[in-house]
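Engineer: Here is how the chains run, residue by residue.
Number of protein chains: 2
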Amino acid sequence: MRRYVHPETEDIELPGVLFALSDATRLGMVVELSDGVERTAGQLGGEIAKSTVAHHLKVLREAGVIFVRSEGPRCYNSLRTEDLEARFPGLLGHVLPLAEREYR
Amino acid sequence: MRRYVHPETEDIELPGVLFALSDATRLGMVVELSDGVERTAGQLGGEIAKSTVAHHLKVLREAGVIFVRSEGPRCYNSLRTEDLEARFPGLLGHVLPLAEREYR
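Same order as they appear, the protein sequences are chains S and U. Start counting the first sequence at 1; every next residue gets the next number (the UniProt record's numbering). Start counting the second sequence at 1; every next residue gets the next number (the UniProt record's numbering).
Do not rely on the hints blindly, as some may be mistaken.
Any copy, or any two copies together, can satisfy a pair, since identical chains are not distinguished.
[As the list claims (entries may be wrong)] Computed cross-link-like contacts, SDA-like style, restricted to lysine to any residue with a CA-CA straight-line distance of at most 20 Å: (1) LYS58 <-> GLY93; (2) LYS58 <-> ASP23; (3) LYS50 <-> SER78.
Derived by calculation from the structure, the hints in this document are not laboratory data.
Isolated chain S, as found in the complex (with noise of 0.2 Å):
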C-alpha cells in the first residue's frame, strides 16, 4: 500500500494552491471532486495519459488540495474541501463557478 505525503492545513499556501489550479486540466478534476465524491485517477483522467493524470494529481496533492487515500490495489482522491476553507475562506466557492463554466 502506498503512503502519500500531504500538507497540514495550516501550512497550505495561497500561491500553491492558485498555481495547483491554474492549468485546465487539473480544474476540471478540481471541479469533478467538487460534488464530494472520491474518484481513482482513472475516473479522473478520462482519456489523459496515465503519467499526465499522475503528474496533476500530484500537483493538487502537494498543494494541499486533494487527499489521496490507498485501498488495496487503488487510490482515491478526493477535494479537502474543509481545509481550503478553514485556510482560504470562499475561495474556493468562488474559482469552481467561473472554472465549472468552462472546464466541466
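Once you have looked at the hints, place chain U on chain S.
Structural biologist: Quick look at chain U alone, frame taken from chain S:
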C-alpha cells in the same frame, strides 16, 4: 516609447490569471495595485532586482491582470480591475483579501 501587447478582455483565461497570481511577489504587486493607483516598476519592485520585477510584470500583463502604459521614459502599471470583473466576476474581490492577509 515602448508599446505593450495586452490580451483583449474576452481572451483573458482563468488558468492564466490563476498562474499569474500563483507567486507571492506577483500577489503582493496585485494587492498594491488594488487601490486603483498606477505605479512604475520601481515603485512596485521595492528592493527586488529590476530584471525580476520586469519578468513578474510581463507575466501579469500577458495574463491580462495588469495594463502597462508608456508615458515618455516611464511605464505605468495598473490593475485591469474592470476587465477581470467582466470576465471572472468576484475573482479578484475574493482572492485579494486572502492575499492581502499574507503578502502586503
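Engineer: Could you run down the list of hints and mark each one as holding or not?
Structural biologist: Each hint, compared with the structure:
For the homomeric pair LYS58 and GLY93, neither the shortest alpha-carbon distance inside one copy (22 Å) nor that between copies (29 Å) is at most 20 Å. When the C-alpha separation of LYS58 and ASP23 is checked against a cutoff of 20 Å, the pair qualifies both within a copy, at 13 Å, and between copies, at 19 Å. Taking the shortest Cα distances, LYS50 and SER78 sit within 20 Å of each other inside one copy (18 Å), while across copies they are farther apart (42 Å).
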